[in-house]
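Q: So you can see what is in the structure, the chains are spelled out below.
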Amino acid sequence: MATHEMEDGCLSDSDVQSSVAEILENVAKPPIMISEHDGDLYGQLVLMLIPVEKNLDEEILFVTALKALSGAVSKINNIFHVSLLRNIFSIYIWDYGLDARNAILELITNLAIVPDKFLEDCLEMLVRNFQPPGRIRGYIYQPKFRSHKQNIYVQLHEALCYITSLVPIAPFKLKDILDRRMPKVHAEKMEMLPFVECMLGLESNEIGDYLRSTLLSMVVELLVDLDVSITWGHILKEDNNKDIFDIELEDFHNAEYNPVGVSGGKKDNNPDKLDCLMVIVCEHIKSSASDGHLVKVFDILMESFRKTVLNAYRSKFSQFIMFYACSLEPEICGLKFVIFLIDIFVSKAEDPISRMSAVCYVASYLSRARFISCSVVSSLIKRLVEWCYEYCHLQAGSERINHPKSHRLFYAGFQAVMYILCFRMQSLMDIQELKSVLFHLPLEAILCDPLDPLRICLPTIVKEFLCQAMAAHLLKKPLISSLQDNLLESEMSAAFGGVERLHMFFPFDPYLLKESDRFIKPNFESWSMVRKTYTNLNSEDELDDLDPLSADDGSEDGRDDDELAGGDDDEDELEYSINQMSITPRPVFEIAMADGRVLIPSRMPARIRPSVSPV
Amino acid sequence: MEGLTVSDANLTVYIHPSMTNKVRGAILTQLSSLLFRYSEDLEGVLLAYQVNVRNKVARILPGLVPHFGVKLKATLLLFAPKPDMLIEGKVVKIGRESIHAIVLGFSSAAIMRGDIREEFKFQIEKGTETYICKSHKGHRIKVGSIIRFALKSMDEEILHISGSLMPPNTGCIHWLSKCGMEHDPHTKRCDPLSLSLSSLDVNI
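If you're matching them up, the sequences are chains A and B in order.
If you read the first sequence in our numbering, its first letter stands for residue 60, the second for the next number, and so on.
If you read the second sequence in our numbering, its first letter stands for residue 177, the second for the next number, and so on.
The set of hints was computed from the structure by calculation and includes no laboratory data.
Please note: incorrect hints may appear among the correct ones.
[Said to hold, decoys possible] From the structure, some residues in chain B lie toward chain A, with a derived Cβ separation under 10 Å:
1. Ala-224
2. Gly-271
3. Met-288
4. Arg-293
5. Arg-316
6. Ile-334
In this text, a Cβ means the ideal position worked out from N, Cα and C, and glycines have one as well.
With the rest of the complex left out, here is chain A (with noise of 0.2 Å):
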């Protein structure tokens, strides 16, 4: 009869929806009192309903019998229309047009005010929207589709967020749906990218103010367990002849990437993935930036980063979110995370593990973000100086070390304080004040002391800050260093990294993942274009002999500090340029050279001023 009807065309919409509410009420009993006729009008309507691709025809009906639903919604009943409402909660809006969407959407948040019943079928049914149907999953990410996705997200947050305005508590209940729907490590790609996409688009509604902080810790989440699923096995083997400093795998980019085996030795593709993910994600904390939220964002995800990625130190890649989004705000966001980072390092409260991994992130971030000024980084140094120098002062008198373990908080902060300076040395000489407060730490103090980093911490980094601080007249006393050439790492280093091996752990390391690299390379800082103080210095052998070796692999492309491309001549004199130099009048000191000889300056500078570096 229904359908009849609406052939006809000549009904109103208040029509419609009453003979359809009559169907429903016809077919609310129990089985045996449902008349054949009632029963097959309603075997109708849920036909109409049936969630498979339609043409347009029957988009036409379907859209009409949704609108006459909406307006029914007191009569659907959860025990008698089972079959219906499995069609509605099956509906795929990726399949229709908009008026069918429009329609579909209306219908669903009528369901869901209605009391007791359909809040959490609902809830679920525009969850499960956030990802495409399969058969169109494949193409969504092409240009043509972007708008079209857009726009089907844009609906299904406004569903949501009028949900929300009527029905206060359903973030409570999305927050189960999304938790039971977030796509895992193992799920594919094109199931993945959507789902991430959409959440975190809820996150810029009304509706994100409540659920900020559980989108972007699960996303967080998702990223680390991607990134320690990939293993370096493959790419990058520990290599004696390599060095800290040369791991710069700048043309990395161009080789082909052999998608690492999780285990069972499956190709997942876990590097595309999170690398596409990673993509979103950093798009994502620019969308907050410009809107003006990068604050509220950027705190959450300083708390995720507490939580999840500070102390998993194989993650190689997720930290980089924080990086990434610390270059959009450096004043507040970036130097929020390094305090941060140090307030951990400090505190006694914490434990060891993670006090020793926030000290390496904060010399891998000062080191590598090129938008930390100066004043910040001389600061920070001078900080973790005096941290350093207090604890020798404390262990003054207690019996020699027996274990490089047993301080293993004062090497890690040590190397820290070394490896910074490798990076900013020259540019904190540049600048006088800067310049003054460096002469004024009491480092020579720290290197003489019965802890002996020296002999301790990583011989890559004792050498490479050794030159330069040589080379800047830093140093003053003679320092012999115990150095096993060509070393990554000792015996010694090793023991105090522990296990986990945070002797080691650089985590702001040169990013490898192709498409996400364009939000980081701008700000970081590579080795090869770092100013060493020594640069300035004619590149001789002897200036070779004290720098890291060179790998002999492509790696080096991108260096371009000729000077140190290796020369063979046997130059005994060291050139000094003047402007650049140390103006404290020289005192003949030694450097001691790695083959053996000792060099002797041969020449004073033009000017001579009085001396301003600690005794």
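Starting from the known structure of chain A, arrange chain B on it as the hints suggest.
A: Below, chain B alone, put in the same frame as chain A:
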């Protein structure tokens, strides 16, 4: 508005050993996890709490993870409406078949057509959906009005309220106060009671 009570309670909060140096924070977190949920122990929805007195000593429970129980006194604001109580809420949606309102900012209430008395007619006036009372033209209910209605039932899980506009002293508050219907001697108003609830254990 009925259904709100202020109670004093003696509670015991069990805290994980890792929170030993942040006991106050742990107590607040634990109590906050009860907010806006129906609690059978408290027989109502907890809306607000104030921790008053806390013992300095706590008893450690033996077990795999030795939680310790801190006894404290708290003042609780509870929402525990019973059927036929009069509740107030702000209307957010008007439809031909129903009126939807939000009570105390967290609970959604729905009043179906069958529970709206006959004198209210649905009309679309100047583009806005309104319910207008036939006998008193000034009595209108539209989106944004505060209405008083009688409670039929409350779903404890989703905190959905089913309401009714059948009783004569229900409707738009604005109009009811103008007509002096607010102080109906037949309605029972509960004063905030002071109940002592003994030893409620809040488990982690």
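Q: So which of those numbered hints doesn't the model satisfy?
A: Violated: hints 1, 4 and 5.
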